[in-house]
Amino acid sequence: MNYVTTVIIGAGQSGLAMSKHLADRSIDHVLIERGEVANSWRKERWDSLRLLTPNWQSRLPGYAYNGADPDGYMDMPEVVRFIQGYAETLSSPIYTGTRVISVRQTEIGYRVATDRGEWRCETVVLANGACNVANVPKAAECLPTAIASVTPMEYRYPDQFEDGGVMVVGASATGVQLAKEIQLSGRQVTLSVGEHVRVPRLYRGRDIKWWMDAIGVMDMRYDETDDVRRVRRVPSLQLVGTPERSTLDLNALRALGVRITGRLAGIRDGKVQFSGSLGNQCTLADLKMNRLLESIDAWVRENSKDGEFYPPHRFDKTLVDAEPQLGMDLARDGIKTVLWATGYRPDYSWLHVPVLDRKGRIRHDGGVIDDAPGLYVMGLPFLRRRKSSFIAGADDDARELAEHLSATLHRLAA
Amino acid sequence: MTGTTAQTTTEVNNGVNVEALLGAREALDAAPEAAQFKWRTTCEWVNGTHCRSTVSGFFGLGEEQSRGKDFTIEADHPAVFAAEDNAATPVEIVLSGLASCLTAGVAAVAQHRGIQLHSVTATIEGDMDLQGILGIDDEVRNGFGAIRVHFDIDADADEDDLKALVAQSQKRSAVFDIITNPTNVFVSVN
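Keeping their order, the protein sequence lines are chains X and S.
Under this note's numbering, think of the first position of the first sequence as -2, with each following residue one higher.
Under this note's numbering, think of the first position of the second sequence as 26, with each following residue one higher.
Hints listed in this document are in silico derivations from the structure and should not be mistaken for laboratory results.
Take the hints with a grain of salt, since some may be wrong.
In silico DSBU-like links for lysine-lysine, alpha-carbon gap of 30 Å or less [to be verified]: (1) Lys314(X) <-> Lys302(X); (2) Lys94(S) <-> Lys63(S); (3) Lys196(S) <-> Lys268(X); (4) Lys314(X) <-> Lys196(S); (5) Lys333(X) <-> Lys268(X); (6) Lys314(X) <-> Lys188(S); (7) Lys135(X) <-> Lys356(X); (8) Lys356(X) <-> Lys196(S); (9) Lys63(S) <-> Lys196(S); (10) Lys63(S) <-> Lys356(X); (11) Lys333(X) <-> Lys40(X); (12) Lys268(X) <-> Lys135(X); (13) Lys63(S) <-> Lys135(X); (14) Lys40(X) <-> Lys135(X); (15) Lys135(X) <-> Lys196(S).
One side only, chain S facing chain X, incomplete, derived with CB under 8 Å [claimed, not checked]: (16) Ala171; (17) His175; (18) Asp185; (19) Ala189; (20) Gln195; (21) Lys196; (22) Ala199; (23) Ile204; (24) Asn206; (25) Pro207.
Using N, Cα and C, we set each Cβ at its ideal position, and we do this for glycine too.
Can you make the complete structure from the sequences, with help from the hints?
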């Protein structure tokens, strides 16, 4: 039996940032990691993936990107080297190749059982990320078995698919990126589009992520939002990191020949049904984008910085067919593969503490888990701030949760 | 990022009790069983294509709800269908349902966002190729080929706010969902 004050589950950016802040407070701890440091970046991403945030935004506590291309977007090997490099600056033990089997409450804290032994501890930080399992809609069960059904977890590059049509379901960051590269591989893509967030890569000459940081939206706190559950469900921005800094919205995909349809409503007898609400989804996305651009223009005016940037401009509205397709016969339209870019969720199957809501989500207040003193979670969308699930968000969240954890330890000791 | 205006809701009155709706939302979030509603109507054939539907009670908040009065909706077909034109057609009633749901939604969202409405008119047109229902061409559907809705809104808000109102109304409209997405219908006899 091993004893330690804190067990951190997961050695990605969140776990490592927490490790730094705990070490700064002299709180002894270990990290448990099922694979290698930065495992998800190494094992669960596709070959061409780059960060959609510019490199200068990749910061961890006391550590920053110092490469040659601060305005560029790191590819996966670079991200792994970046995070691995950070891990090497830390001194607490990281037990790699170690899988958590269960976390249970005890009288004085928690018992973490792994496939290499048990730990007893007073506090646990769940830093296993938000993307352990791909969400696949129930409709996937109705796909004819001859059609390949794939999630982004298994996707690496277009040629792993047979020749023929591909239906990509979901038009957030993953969906638009994969739709583009699969279309360019010579496979006709049909992209099924529900709720999505449209942004340009560049606005008034600057990266949109630079703007979002500058005007303060990335630092917006969860307790300052009108509806925290709504903001935590906002889909990932339709962005891609490319050297050309190109914008990847539905208009760009349409120009490449991608067919755009409405949200997948159902699959029956080899036929797919799409919602007739595509027009409204595109209107909602265009309006939301324009509200962001207005906020940016207002910030520039209020700070008297108009001379520093190109003048305000707007983008063409999202084109929608006069008669969007409402259905598709999978066989007749030559669809060989369906790629479910329909989001991810965390895996808490090993968390045997009753802290989940009726939909399997952790109940927490800014990362402090309800009804479980000493149990924390990191790395979820808008956990404490809009930037919480980004690499740069780990530092502030880790600092604040470490402070809370420290206060909890003092209370438990008293 | 929501499109709220600077006005406070106490100055704005579109006749929608937003506080009650938000309270209901909170209560039903905590008790999802109470959110399971059943809406009903009973239709009696009168003569020819003339029918009379009666709406009385519904189920919701865990129990039967009665209103103390019934509502009647009649339907018929027009003279060009060799019928007696006693009432609007079922498809016109469906379009009215869509228009009503979207318009009510505009009022509710406007109230919530502090936008004072002065007038709202929704004009709807649905295209129908009769070769479907007449069985002339089985590649033609029975229902609408397309539906167009146009809103004329006079309100204390700018064009973008009004577009956002109408977009949000669709996002949360029951009839919009009913029409744009498939629904299972089970029909039994005697």
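Evaluated hints:
1. Lys314(X) <-> Lys302(X): Status holds; Cα separation ~27 Å.
2. Lys94(S) <-> Lys63(S): holds, 18 Å
3. Lys196(S) <-> Lys268(X): At roughly 25 Å apart (the allowed maximum being 30 Å), Lys268(X) and Lys196(S) satisfy the hint.
4. Lys314(X) <-> Lys196(S): At roughly 19 Å apart (the allowed maximum being 30 Å), Lys196(S) and Lys314(X) satisfy the hint.
5. Lys333(X) <-> Lys268(X): holds, 13 Å
6. Lys314(X) <-> Lys188(S): Holds - the C-alpha atoms of Lys188(S) and Lys314(X) are around 13 Å apart, at most 30 Å.
7. Lys135(X) <-> Lys356(X): holds, 15 Å
8. Lys356(X) <-> Lys196(S): Status holds; Cα separation ~22 Å.
9. Lys63(S) <-> Lys196(S): holds, 21 Å
10. Lys63(S) <-> Lys356(X): Holds, at roughly 23 Å.
11. Lys333(X) <-> Lys40(X): Within the cut-off at roughly 25 Å; holds.
12. Lys268(X) <-> Lys135(X): Holds. Lys268(X) to Lys135(X) sits at ~15 Å (cutoff 30 Å).
13. Lys63(S) <-> Lys135(X): holds, 24 Å
14. Lys40(X) <-> Lys135(X): The given pair, whose Cα atoms are some 26 Å apart, holds under the 30 Å limit.
15. Lys135(X) <-> Lys196(S): holds, 22 Å
16. Ala171: This interface hint holds because 7 Å falls under the 8 Å limit.
17. His175: violated, 13 Å
18. Asp185: holds, 7 Å
19. Ala189: With Cβ-Cβ at 5 Å, under 8 Å, it holds.
20. Gln195: Because about 4 Å separates Gln195(S) from the closest Cβ in chain X, which is inside the 8 Å limit, the hint holds.
21. Lys196: Holds, because the Cβ-Cβ distance from Lys196(S) to chain X comes to roughly 7 Å (cut-off 8 Å).
22. Ala199: The hint is violated - Ala199(S) has no Cβ within 8 Å of chain X, the shortest such distance being about 13 Å.
23. Ile204: At about 7 Å, which falls below the 8 Å cut-off, the nearest Cβ of chain X leaves the hint on Ile204(S) intact, so it holds.
24. Asn206: Holds. Min distance 5 Å.
25. Pro207: holds, 5 Å
Going through the hint list in order, the structure does not satisfy hints 17, 22.
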